[in-house]
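Using the sequences and the hints, build the whole thing.
Residue numbers (my numbering): 1 to 93.
Hints are computed from structural coordinates only; laboratory data are not their basis.
Cβ atoms here follow ideal geometry from the backbone N, Cα and C, with glycine treated the same way.
Some hints here could point you the wrong way.
Cβ pair distances, simulated, as ranges [what the hints assert, rightly or not]:
no., residue 1, residue 2, range
1, 78, 52, 47 to 57 Å
2, 17, 55, 43 to 53 Å
3, 19, 54, 35 to 45 Å
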Amino acid sequence: MNQSPDAFNQVKAILGKLDRSITEARSRRLGTPVEEPEAVSRIPPQAAERPPEPLPAVPPTPKPATGYAKHRGQFGRAKPLNKPTNGSWRAND
Numbered sequence: 001m002n003q004s005p006d007a008f009n010q011v012k013a014i015l016g017k018l019d020r021s022i023t024e025a026r027s028r029r030l031g032t033p034v035e036e037p038e039a040v041s042r043i044p045p046q047a048a049e050r051p052p053e054p055l056p057a058v059p060p061t062p063k064p065a066t067g068y069a070k071h072r073g074q075f076g077r078a079k080p081l082n083k084p085t086n087g088s089w090r091a092n093d
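This is how it looks when you write it as structure tokens:
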């Protein structure tokens, strides 16, 4: 994509006009004076004033198990039933 400097300058001019029109519309809506683009900081005021959040000193400890999870380990894994060799299950059907 080899583009001419003229195309770049045209896009730059369009974006500059758009930025100015947004700033003017905002100032009319809020009733504040229009600021020059050079005077506007690139960092939003809230982000510039906010101190970084401290990291927790100790990772949170896991909560103890409650309810079903508390008793889950005592039952173990299910074991298959062995079919009786004398056929007593079929006799009761």
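Results for each hint:
| no. | hint | verdict |
| --- | --- | --- |
| 1 | 78 with 52: 47 to 57 Å | holds, 51 Å |
| 2 | 17 with 55: 43 to 53 Å | holds, 44 Å |
| 3 | 19 with 54: 35 to 45 Å | holds, 37 Å |
Of the hints listed earlier, there is not a single one the structure fails to meet.
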